[in-house]
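Trainee: Take a look at the letters that make up each chain.
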Amino acid sequence: MKTRILLSGIAFAAMTAAVPASAAELRFACYQDGVECDAWAEAFKTFEADNPGTTVVVDIVPYKSIVEGLPLQLASGEGPDLARVTDLGGLARYMLDVTPYVSDAARIEEQYGRTLAWTRVNSPDDKGIYAIMDQQTATGPFINTTLFEQAGVAIPGEGATYADWAAAAKEVAEKTQTPYAVAMDRTGHRFAGPAISYGAKYFDADGNPITVDEGYRAFAEQFVAWNNDGTVAKEVWAGAGGATYQDAAKEFTNGSLVMYISGSWQIGRFGRDVGDAFDWQAVPAPCGPGGCTGIPGGAAIAAFKHTKAPEEVGKLLEFISNEDVQAKVLAKTKNIPANQALQVKGIDYENATDAEKAALGTFSSALANFSPVAFQFQGYKNNRAIMNATVTRITQAIVGESTLDEALSRIDADVKEAVAAAQ
Amino acid sequence: MTAVLAFLTRRRGHKRFDLTDWLTWGYLLAAVFLMFGPVFWLALSSFKTESALQEYPPTMLPLAPVTVTVEGYEDPLQLFRVTGGEHEGKVLAQVRRIGLNAQMVDPANPGERLNVNINDRVPEREFTLAIGNYTTLFDRFNFALYFWNSVFITVVATIITVLFNSMAAFALSKYKFRGRTLVFILIIATLMIPPTINLVPIFLVVSELGLVNSPWAVIWPAVATPTGVFLLRQYMLTIPDDLLDAARMDHASEWRVYWRIVLPLSAPALAVLVIFSVMWRWNEFLWPLIVLNRSEQFTLQLALNSFQGDLQTAWAPLLAMTVLTLLPITLVFAVLQKYITAGIAQSGVK
Amino acid sequence: MFAPVTTAASWLYRGAFEIFERPMLAIQKMTGAQRIAWVFLFPNLLIFSLFTFLPIILNFFYATTGSDRILLSERPYVGAENFASLLACENYLDPNSCGRDIFWRAVHNTGWFVVLQVGFMILFSLVTALVLNRDIPFRGFFRSVFFYPVLLSPVVVALIWKWILQRYGVLNATLEGWGFPVVNWLVEADWAFFWIVFVSIWAHMGFYTLILLAGLQAIPSDVYEAAEMDGASKWRVFSKITMPLLMPTMVVVIVLSLIRAVQAFDEIFVLTGGGPGSATLLVLQFIYETGFAFRPQLFGLAAAASLLMAAVLLVLTLLQLAATRKQAEG
Chain A
1 MKTRILLSGI AFAAMTAAVP ASAAELRFAC YQDGVECDAW AEAFKTFEAD
51 NPGTTVVVDI VPYKSIVEGL PLQLASGEGP DLARVTDLGG LARYMLDVTP
101 YVSDAARIEE QYGRTLAWTR VNSPDDKGIY AIMDQQTATG PFINTTLFEQ
151 AGVAIPGEGA TYADWAAAAK EVAEKTQTPY AVAMDRTGHR FAGPAISYGA
201 KYFDADGNPI TVDEGYRAFA EQFVAWNNDG TVAKEVWAGA GGATYQDAAK
251 EFTNGSLVMY ISGSWQIGRF GRDVGDAFDW QAVPAPCGPG GCTGIPGGAA
301 IAAFKHTKAP EEVGKLLEFI SNEDVQAKVL AKTKNIPANQ ALQVKGIDYE
351 NATDAEKAAL GTFSSALANF SPVAFQFQGY KNNRAIMNAT VTRITQAIVG
401 ESTLDEALSR IDADVKEAVA AAQ
Chain B
1 MTAVLAFLTR RRGHKRFDLT DWLTWGYLLA AVFLMFGPVF WLALSSFKTE
51 SALQEYPPTM LPLAPVTVTV EGYEDPLQLF RVTGGEHEGK VLAQVRRIGL
101 NAQMVDPANP GERLNVNIND RVPEREFTLA IGNYTTLFDR FNFALYFWNS
151 VFITVVATII TVLFNSMAAF ALSKYKFRGR TLVFILIIAT LMIPPTINLV
201 PIFLVVSELG LVNSPWAVIW PAVATPTGVF LLRQYMLTIP DDLLDAARMD
251 HASEWRVYWR IVLPLSAPAL AVLVIFSVMW RWNEFLWPLI VLNRSEQFTL
301 QLALNSFQGD LQTAWAPLLA MTVLTLLPIT LVFAVLQKYI TAGIAQSGVK
Chain C
1 MFAPVTTAAS WLYRGAFEIF ERPMLAIQKM TGAQRIAWVF LFPNLLIFSL
51 FTFLPIILNF FYATTGSDRI LLSERPYVGA ENFASLLACE NYLDPNSCGR
101 DIFWRAVHNT GWFVVLQVGF MILFSLVTAL VLNRDIPFRG FFRSVFFYPV
151 LLSPVVVALI WKWILQRYGV LNATLEGWGF PVVNWLVEAD WAFFWIVFVS
201 IWAHMGFYTL ILLAGLQAIP SDVYEAAEMD GASKWRVFSK ITMPLLMPTM
251 VVVIVLSLIR AVQAFDEIFV LTGGGPGSAT LLVLQFIYET GFAFRPQLFG
301 LAAAASLLMA AVLLVLTLLQ LAATRKQAEG
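Quick note, the sequences are listed as chains A, B and C, same order.
The first sequence begins at 1 in UniProt numbering and counts up by one.
The second sequence begins at 1 in UniProt numbering and counts up by one.
The third sequence begins at 1 in UniProt numbering and counts up by one.
You may find that some hints are simply not true.
[What the hints assert, rightly or not] Derived coverage of chain B by chain A (criterion: at least 3 residues anywhere in the stretch with Cβ under 8 Å from a Cβ of chain A; other residues may be distant):
id : region
1  : 50-58
2  : 195-204
3  : 293-304
[Stated by the list, open to error] Listed next, the in silico DSS-like pairs over lysine-lysine satisfying Cα-Cα at most 30 Å (straight line):
id : chain 1 : residue 1 : chain 2 : residue 2
4  : A       : K175      : B       : K90
5  : A       : K345      : A       : K332
6  : C       : K162      : B       : K176
7  : B       : K174      : C       : K29
8  : C       : K162      : A       : K250
9  : A       : K328      : A       : K315
10 : A       : K332      : A       : K201
11 : A       : K250      : A       : K332
12 : A       : K357      : A       : K332
13 : A       : K328      : A       : K305
14 : A       : K345      : A       : K127
15 : A       : K305      : A       : K127
It should be emphasised that the hints constitute simulated quantities derived from the structure, not laboratory data.
Just so it is clear, the structure is predicted and the values come from calculations on it, not from any experiment.
C-beta: ideal position from N, C-alpha, C; glycine also.
Make a model of the complete structure from these sequences and hints.
Mentor: Structure, rendered in structure tokens:
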């Protein structure tokens, strides 16, 4: 066995670049937060059995490779046949429309239409099938209910505003001597949820980004103020620079955070790491003048144009979109389905605790009521430019490198420049 | 004992252990703590479970909760020491926690349920290494293959680097030809330019050559190091030309002069370059990440990072992975440290 | 244990010589003994041109074109726009007045970082080398102690320290245990900057210590004996004998450490991400983020910034080279 591994190692190492891939070997570059790739590799065995001659190789890669390596490879016509990606709009121009290779395009359209739209950014009447979402996410808050109980503070109900929640969380933190009241992941994506709730529109009537408007400014002001008066854990945003992502999951799972604005992908992790230490739950997004919304998101499996086996790739995408297949994979990965039929039907999650199931349910139903602006934001091709500018500049305002006014005007300038470059 | 003390306090010239000696030893011991301490702490932490890692203040040693099997309960129960309330001082097993109350039983008397406030109990713990951080890493991938890939790239790249750089340095230091200064300045000019800033164009070149997804995509761009040429040239300048001329008088070919005279005499500088090259290639991450995307070609650094997702940062596997990558280089260093430090000291990078 | 390895190595060494000897001799017959220099240069020069020089030239094309396309053929020509936008500034000392405030913050940070890091690192390396130069037991061991971190990859170095310095890390726990106030090390700008300097000194000083130690040991002991006979004070011996004789080694150390300091990126990026705000953001991170990590990727701007940086570095290198030459001659 050992010799075999070594020999195969030598064989691989001796290979030079041009290895003619057999027509039916599909390469799938997959990143994972939990067990997504493992679950897919398992599922593909059925596909391979149904389609003799086609093999799917799942290459588990770091997320960094998807963000930084993949675009370069695709631009020069290299790279895998399929990949699990999050920047749907940005990579759309390299994606393959598999409509001609699927047997039932109408079903896929019906079940995935809402997220398929995020890849149809390069022409107005694009109806292609480019990528199937396998992990729908929704942003929203989690709370440590045990701390609320200890403090004897009532949990704000449906329709409570951000101000209500912040005040309640702060009271809990003070009474229980918990270090942090509220924390939010360091990304412009999480920021957009409350901003839209505060009335930010992000886009004008023609769909062009306007970013900073009154609603955006209102939440930015509030957020900076909260960072500086200790309501919000300052180190999450101020602790990094550039657009570096930082979360506060550690603070939440060790019980030093009352309310954590993150998203549905944390559920499995909280289930595992919090264990029996305290009770936690997902609560509906707090409200503001613009509504009570989070931001949808997620990862999708996309097919790429340069593939030598478009037919097989099409078949594989159809397989991936299959209701039963998705149900099986999602049950393992503890994610919300993007498939409309499954959203209605629900998923029987494997080994999920009651808290996890409840939280998955909360996010699932919250998702249905997200503001249209939130979907427009997620489906916008250059939304990453808005997110990067938000994180970088708002942090500067928090740490006092610039005033908020300067920061906001620079956000506009940054977004304008990026959008101009991307056209 | 006295002999040890005498050995420890032996110094040049003086007999007494004076202030400068105290300072010297204080400085050195502080240095041992400062240089090894952080790495040691990392290694210790890598044996803690994810939830133990999130504790504050952290415990020195990896501890895990103690569980006991209690009659009448299927799963093992976790033990707690009660610190307040009516059951103070007892060690109880927790059945479940409901809100602020923990339902507990005395393992000696499993029949009776006791209620304890959750703030009045602390978990009982014992020393346990969370080997799981490592075994999950090993279970997930073919360690031998990735290790081999890394070794292959490191060894081949180092051999080529040393060969090419020393040949170039030989030409630049031992011959007089037109264009020599120009070539030297070209190489020196790029000495300071970090490769990071040329990533995109280098990728285009590699892709044009059809090298993507091959170990050679990592090897070739790395071998013509300006640092190596600079280092070796400076060293070779100190080798007297008379030696070379004497060999030429004996009808030695230029190749023989290079291989049999200049190379052996440059051994200390070559050793430095070997160490650097091994370090650079072994530790490289960003570039392999961009040019390799088939998992059978991955280096160890890439494979160990392959569980790094988008949205979550988990410290436990990250720490274990870090320890695994620094282990080989630490072992090599432990075995060869005498040669390595002596080699650098000798080369003196004149 | 090493015997078979040594044997194999010497066998390979001899074998390689014989494989190349005949062809090289044939080439030498054609070129003559002088022009064969080009043959020795050729492999390195070829690789160098392909993977170092050509990319720098390609960078010129990127710098003068716009858009987020990667292939040069798809990028529109924009002239010096990228350079102009980087250099647009009312007052170069106040980044807030610049169009690219972050770039100029990065320039300022890099300048300070290089000065502080190189300065303090040389100071500590020198002190350590002087200490290790004393006649102490276990010298080999202590030499290794200082050298060990040099071997660690930048990412590992950063992770080690991030793990220690985080708000709920071991450093704060220790301080709290001793009754000191805790500090959010990587959130307060000045502390974060202190730690990036500290950590990069921690990681690299071993190498320079060894070089300086070699320089110290090369000073013949009779020089000291003569000084002692004259009754010179220790400080006088150090400033009048040790330092001047150590100068050539010192120059090498300064050159190499400057190069390393300017290229510092990975460890700082992983440790602080450039934060808080942009307090520890260096020029390389700016280039990496604009051209690589951000979407859309502004390759033109990144290339322009890298060319500006390269130009400054080139001038610095040539100055250093001139200084080294003067040292070597004088």
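Trainee: Now tell me, hint by hint, if it's right for this structure.
Mentor: Now the hints, each set against the structure:
no.	hint	verdict
1	50-58	holds (count 5)
2	195-204	holds (count 3)
3	293-304	holds (count 6)
4	K175(A) to K90(B)	holds, 28 Å
5	K345(A) to K332(A)	holds, 17 Å
6	K162(C) to K176(B)	violated, 51 Å
7	K174(B) to K29(C)	holds, 19 Å
8	K162(C) to K250(A)	holds, 14 Å
9	K328(A) to K315(A)	holds, 18 Å
10	K332(A) to K201(A)	violated, 36 Å
11	K250(A) to K332(A)	holds, 23 Å
12	K357(A) to K332(A)	holds, 13 Å
13	K328(A) to K305(A)	holds, 28 Å
14	K345(A) to K127(A)	holds, 26 Å
15	K305(A) to K127(A)	holds, 16 Å
Violation of the numbered hints given earlier is confined to hints 6, 10; the remaining hints are satisfied by the structure.
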